[in-house]
Amino acid sequence: MTGDPVFEFALRMGDNCLVLGQSNSAWCGHAPILEEDIALANVSLDLIGQAKLWLSLAAELQGEDKSADDIAFLRDVREFRNCLLVEQPNGDYAQTLMRQFLFDAWHLPMLTALVRSTNVRISEVAEKSVKEAAYHLERSTDLVIRLGDGNDESRDRMQSALKALWRFTGELTTPDDVDQALQEDQAAPDLDEIAAHYEQYTQRVLREATLVIPDVSGMQIGGKSGLHTEGLGFLLAEMQSLQRMYPGASW
Amino acid sequence: MYAQEVKSTGKGLKTLEEMDPEERAFQEKIDANIKIEPKEWMPEGYRKTLIRQISQHAHSEIVGQLPEGNWITRAPTLDRKAILLAKVQDEAGHGLYLYCAAETLGISRDQMTEQLLSGKAKYSSIFNYPTLTWADIGAIGWLVDGAAIMNQVPIQRCSFGPYSRAMIRVCKEESFHQRQGYDIMMVLAKGTPEQKEMAQDALNRWWWPSLMMFGPPDAESVHSVQSMAWKIKMNTNDELRQKFVDQTVPQAEYLGLKVPDDDLKWNEEKDGYDFGEIDWGEFYEILKGNGPCNKERLGARQKAWSDGEWFREGLMAYSKKRKARKVAAE
Ligand SMILES: [Fe+2]
Ligand SMILES: [Fe+2]
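Chains as they are written, first to last, in this note's numbering: chain A, 1 to 251; chain B, 1 to 330.
Be aware that a few hints might be false.
[Unchecked claim] Among chain A residues calculated to face chain B with C-beta under 7 angstroms, some are: (1) Ser25; (2) Ala26; (3) Gly29; (4) Leu34; (5) Leu45; (6) Asp69; (7) Ala72; (8) Arg146; (9) Phe234; (10) Glu238.
[Stated by the list, open to error] The calculated lysine-lysine pairs, modelled on DSSO-like cross-linking and capped at a C-alpha distance of 30 angstroms, are: (11) A:Lys128 with B:Lys172; (12) B:Lys172 with A:Lys131; (13) B:Lys190 with B:Lys265.
It should be emphasised that the hints constitute simulated quantities derived from the structure, not laboratory data. Just so we're clear, the structure is a prediction, and the values are computed from it rather than from any experiment. In this text, a Cβ means the ideal position worked out from N, Cα and C, and glycines have one as well.
Please model the complete structure; the sequences and the hints are all you need to start from.
Structural data, given as C-alpha cells:
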C-alpha cells in the first residue's frame, strides 16, 4: 500500500457514492412511475451529497489545494476506487434496484460501524450519512421483496439482475491492506463482521423475495485498487465532459 | 403557458340574467372570490375546461423534466449536479400535485397519461426544443421557469380550490428554479470568452420560444373570455407576455447579454418595451407535432411508460397476493 490509508478509504467511500449517484440520476424523467422517479432522485441526491463529504475529506488529506470537484471530475478510470458493483450498468429498472439493494445492505452496516471510528473525520462523515443509508436500505429491501414476490415477469427480472450482480458483492467485504491498516487503528470495522451481517441480511431478504442466490464461485474484485470494468470509462467520459473540454473554467 | 391551447367549451358568455339558477349561484360565488370545491355543482364546461387546463399543465411539468434531465449526468460540478437534479425532481412533484388536482374532477391519472402518450393531450411548446449546451440549463431556469412563475402566481388565486392550492405549493419552489438558472447564466456571463458566448447563444435560442410560452396573441385566443369569467385564467396572454419582457430585459442587460430582437425598444408612453413580431408559424408547427424534439420527447415518455409496465404490474400482483394471504390468515 502506498500513501495514507485514510485518504484511500475516503476515496473508496466517496467514489462508491459518486458513481452510484451518477448512474441513478440518469433515470430522472424516465422511471416506471412518477413516485418512483421522485424517490430514486432522492436517493441520488443523498449519494451525491455524501460523495461530496468524502471527496472533500480526501481532497483535504491530499493537501494539494484541490477541491472535491477536482477529485470527482479530473481523475481517470485507474484512479477511481469505487467497488465494481456500483459501476455496473443501469440495465432495466430491476438491475438498478438490485444494484442499489446489494450496495445498501453493505453501506448501512459499514456506516453504522464507522460512526464509532477512532478517526474523527471519518466518524463525522459517517454520522451525517448513516440515516440516509438506513432509509435507502429500507426502500430497496421493500422493493426487492415486492418485485421478487410479485408476478412471473417481475420475479424473472429481479432474478436475472441478482444473477448478473451477485458476483460483484464479494469485493465489498474482502479486506486488503488499506482495510487492515484502518482496522488495526479501529478507524474502520473488521470486514469479516460486516460480511457475516451482509450474508445474513441479504439471505433473509432474498428468501422472502423468493429469489435464489447464484453460485458464489468467481467473485470479481478490483475496483478498490483501480482495476475496473469497461463501463466506468464511459460513465466518467460523460460525467467529466465539461470539465475536460473547458479546463480551468468555473461553473 | 404550460397550458397553451385550452379550448374552453363554454358557448359564449352569458349574462347572470340569462343563466339558470344553479349556474347563476355558481357564477356569483366566483364573482365573490369563493373557491369552488370538487364535490360542488359546476357547469360541465367549467369541469371540462379545467380538466384540459390542469392536465396540460401536469403533462408540461412531466415532459419538462426531459430537456433539463438531459444534462444531469453532465452537470459540471457536484453542486450543480445536485441542484439540477433537485430542480428536475421538483418538476416531477409539480406534475404529481397537478394530476391529483385534476383527479378531483373525475378523471384518473392513467387516463391522463394515456392521453399524453397517444398524442391527444398537449403540453407546452417550449419543451420541444433541444438543450445543446450547459448554458441552455441556465437559460431554461431563468427564462422558462421565469415565464412559468409569471403565469402561475396569478393562478394561485384561481376559482378552483385544488388547482389554486396546487399552484401555491408549486410557486414556493419555482423561485428557486429561476434563481439557479439565473445564477448559472451569471457565472457563464462572467466566465471565459467561450462561456460567455455559450450564454449568449443560449439566450438567442431560448428567447423567442419563451415568449411563445404565453400562447397566441389575445386577438386569436378566442376561448379566453369564458375562462377569465370563470377565473381559471386570470390574465390575458399578451398582458403576461408584456410583463415578462419588461421584467427580463433588464436582467439580460445586467448579465451583459443582448436580447436577440432588433425591434426591442423602451416605450416611455406605455411604460414598457415594444418588441418584435413573434414567429407564430413556428409555434403552430410545434403544436402540430413538428418541432425539433416533439418525437423525442413523446418517445421518451412512451418508452418510460412501456418499459415500466412490468414494474407497475409486479407491484400490483404483490399487493393482491398480500391481501389474499391476509384474508387466508384471518
Ligand atoms: Fe414546475
Ligand atoms: Fe420549475
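request  = Tell me, in ascending order, the numbers of any earlier hints that this structure violates.
outcome  = Per hint list: single violation, 9.
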